[in-house]
Amino acid sequence: MKDLPRTVKIIKRTVHNNDNVTLHLDAHISYSPGQFLMIWLPGLNEKPFSIAGHDSDGVMVTVRRRGAFSGRLVELKEGSLIGIRGPYGRPFKLVGNCCIIAGGIGLACLAPVADLYKDAPILYGEDRASSRIYQERFPSASFYTTDGSAGKKGFPTDDLESVIRERGCDMVYCCGPEPMLVKTVRICNALGVGCQASMERYMKCGTGVCGQCACGQVRVCVEGTVFQGNELLQNPDFGRRRLDASGTWRPV
Amino acid sequence: MPVNPDLSVDLFNCKLKNPTILASGILGTTRDLLKTVSLNGAGAVTIKSISKEPRYGHPNPTVLSFGPGLINAVGYSNPGIEKASEEFCELDQVGCPVIGSLIGTTAEEFIYVASIMDKMGFAALEVPLSCPHTPGYGKMGNQDNPEEVSRIVTAICSASTKPLFVKLPPLASAGNLIEMALAAKESGAYGITASNTIGPGMLIDIDSAKPYLGFGIGGISGPALKPLAIATVFELYKAVDMPIIGTGGVSTGRDAVEMIMAGATAVGVGTAVLSRGMSAFRDIADEIKEILSLRGANNLSEVRGLAHR
Ligand SMILES: Cc1cc2nc3c(=O)[nH]c(=O)nc-3n(C[C@H](O)[C@H](O)[C@H](O)COP(=O)(O)OP(=O)(O)OC[C@H]3O[C@@H](n4cnc5c(N)ncnc54)[C@H](O)[C@@H]3O)c2cc1C
Ligand SMILES: Cc1cc2nc3c(=O)[nH]c(=O)nc-3n(C[C@H](O)[C@H](O)[C@H](O)COP(=O)(O)O)c2cc1C
Ligand code: FES
Chain A
30 MKDLPRTVKI IKRTVHNNDN VTLHLDAHIS YSPGQFLMIW LPGLNEKPFS
80 IAGHDSDGVM VTVRRRGAFS GRLVELKEGS LIGIRGPYGR PFKLVGNCCI
130 IAGGIGLACL APVADLYKDA PILYGEDRAS SRIYQERFPS ASFYTTDGSA
180 GKKGFPTDDL ESVIRERGCD MVYCCGPEPM LVKTVRICNA LGVGCQASME
230 RYMKCGTGVC GQCACGQVRV CVEGTVFQGN ELLQNPDFGR RRLDASGTWR
280 PV
Chain B
3 MPVNPDLSVD LFNCKLKNPT ILASGILGTT RDLLKTVSLN GAGAVTIKSI
53 SKEPRYGHPN PTVLSFGPGL INAVGYSNPG IEKASEEFCE LDQVGCPVIG
103 SLIGTTAEEF IYVASIMDKM GFAALEVPLS CPHTPGYGKM GNQDNPEEVS
153 RIVTAICSAS TKPLFVKLPP LASAGNLIEM ALAAKESGAY GITASNTIGP
203 GMLIDIDSAK PYLGFGIGGI SGPALKPLAI ATVFELYKAV DMPIIGTGGV
253 STGRDAVEMI MAGATAVGVG TAVLSRGMSA FRDIADEIKE ILSLRGANNL
303 SEVRGLAHR
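Protein sequences appear in the order of chains A and B. Under my numbering, think of the first position of the first sequence as 30, with each following residue one higher. Under my numbering, think of the first position of the second sequence as 3, with each following residue one higher.
None of these hints come from the bench; they were simulated from the model. A portion of the hints provided could be inaccurate.
Incomplete in silico selection of chain A near chain B, CB under 8 Å [stated by the list, open to error]:
1) Asn-47
2) Tyr-146
3) Leu-272
Heads up, simulated SDA-like pairs for lysine to any residue below, C-alpha to C-alpha not over 25 Å straight-line [claimed, not checked]:
4) B:Lys-54 / A:Lys-38
5) B:Lys-121 / A:Asn-74
6) A:Lys-38 / B:Arg-256
7) B:Lys-212 / A:Gly-268
8) A:Lys-38 / A:Gly-87
9) B:Lys-54 / A:Ala-158
10) A:Lys-31 / B:Lys-37
11) B:Lys-37 / A:Gly-268
By construction, the Cβ of each residue, glycine as well, lies at the ideal position given by its N, Cα and C atoms.
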């Protein structure tokens, strides 16, 4: 039951652009696609990050600069030490004939699934071209931007139905902003196609104790982060509200 | 030999179906999570402590498992009583009695929160005066002495007629435990919850040479706390005639029966949610039943306080 952060070294950084960096960690972790780590910067904070894949050196996480914590993480140099605990969360159930749909940094969570099913179509959207990650890792991904600065102008959900119909997918894997999850789950439901979506909620313990990640009657850190589409459609908080760090409801 | 011992407990004008009560600060952030705990067999549930104004708590890490238990410094994050009164409405839906936990730093704050909680659907109130890691509250607010206990209990009882439990620290960290319990009783409290976490405690990461917890110090719960909590309940049972919610390291039916033999009326369950999962409540209750059955006991009264005889 001992589960304290353990120190690992950042052995390599892949800089995707100004705001997105993949940190390769000197840590061999047995994980399943969809699981996350709690990353600790001593004296600052500790927050959840998806395991974005692994190679022979260890696992990696991809960090997008947002506030103080992620801002510090993306600036860390090779050789820096960070604390990690995990992996946590219920992972994706793996089904081969699938389609992957990602919004923003949500692609990091889905990348291990994409590594596994190399011929699965990837629909990936960003607000603007300059935020794009994994261009070399997944060169055949269909790319969308909200502002039309690269790829197709619009959202990846615009083409989801036609891709499902063309390919006859059995499962759609989804991670991204919640409005996109809602859209995806609804499309899959209407078409009678399986769907699994990974959700975000504010997390403190990551292990099912503190109640901060409550969503309806479940804890996102333990019963999620991956849920089946039909579970989400029945969850009264899905697409509606989340607790902030104080436990106050905020709209998603 | 009785085959089906009765696990029910009469407490604060309610009949609990079994003696397990969700401890405050574990999962009690929303009504829907309380429902889940109730569906998993809890006899009653306690909400996470609520203050007058919202609090964001300490930076993460706030809760860590170190082996023999948890060390936590959540720092009483909560949405404040106004939002909490919206969240914890229609409590009948929860499916078991709900205890409202309140915190404050001044008599005015306690009165403010208690008068709102008095109108909510709580079966009882609980006030922790023993938190070891939050400035202004409990130990770090100098609330763990008989004078403050009197003042705070008097204030709350002036604003609410609900049965009030005062949550005290373990005996090992409170030389004046019995005086505090007596002060609580004289000032109108109904029962004692014993105990809170013990602390302050600290664990240091030797690589960074920094404490693991965001706040540095925290309170210890779980198996590491159990012997200290049992001794606390044992001493309180001898000295004060009040119902006791025995809390600290209860993770099996055996632990619960130990607590009840020490004198507890019911048992708080917190950290066991991590070690045994959500089903901890039903599992513990089933194990208590089995133990009673093997002992030939018909109900919990037959074992309550047995360690004193
Ligand atoms: C399961 C999960 C996986 C995640 N995976 C990744 C990932 O792979 N890459 C990545 O860049 N980010 C990921 N995040 C988001 C990450 O945890 C941080 O929330 C984000 O980096 C912003 O933190 P900040 O302190 O920099 O910014 P802030 O300005 O402090 O926060 C910005 C917003 O992020 C959210 N947030 C902040 N703290 C937390 C927290 N402790 N838990 C959940 N949400 C929080 C809140 O909505 C907040 O409004 C993930 C979040 C979750 C819940
Ligand atoms: C993460 C965590 C948060 C807690 N928050 C509170 C709280 O808000 N109010 C309170 O009275 N006690 C709080 N406690 C103390 C518990 O209610 C309980 O007294 C203590 O954990 C001992 O019980 P246990 O060993 O079963 O966990 C908290 C404990 C933990 C582990
Ligand atoms: S983050 Fe604490 S219960 Fe999920």
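Against the structure, the hints:
1. Asn-47: Constraint on Asn-47 of chain A not satisfied, violated at 26 Å.
2. Tyr-146: Check failed: Cβ of Tyr-146 of chain A comes no nearer than 31 Å to chain B, outside 8 Å.
3. Leu-272: 6 Å, holds
4. B:Lys-54 / A:Lys-38: 43 Å, violated
5. B:Lys-121 / A:Asn-74: Violated: Lys-121 of chain B and Asn-74 of chain A sit about 38 Å apart, past 25 Å.
6. A:Lys-38 / B:Arg-256: Given that 25 Å is the threshold and the Cα spacing comes to 43 Å, the pair is violated.
7. B:Lys-212 / A:Gly-268: Violated. Lys-212 of chain B to Gly-268 of chain A sits at ~39 Å, over the 25 Å cutoff.
8. A:Lys-38 / A:Gly-87: 10 Å, holds
9. B:Lys-54 / A:Ala-158: Violated - the C-alpha atoms of Ala-158 of chain A and Lys-54 of chain B are around 46 Å apart, more than 25 Å.
10. A:Lys-31 / B:Lys-37: With Cα atoms ~29 Å apart, Lys-31 of chain A and Lys-37 of chain B exceed 25 Å; violated.
11. B:Lys-37 / A:Gly-268: Holds - the C-alpha atoms of Gly-268 of chain A and Lys-37 of chain B are around 21 Å apart, at most 25 Å.
Comparing the model with each numbered hint stated earlier shows that hints 1, 2, 4, 5, 6, 7, 9 and 10 do not hold.
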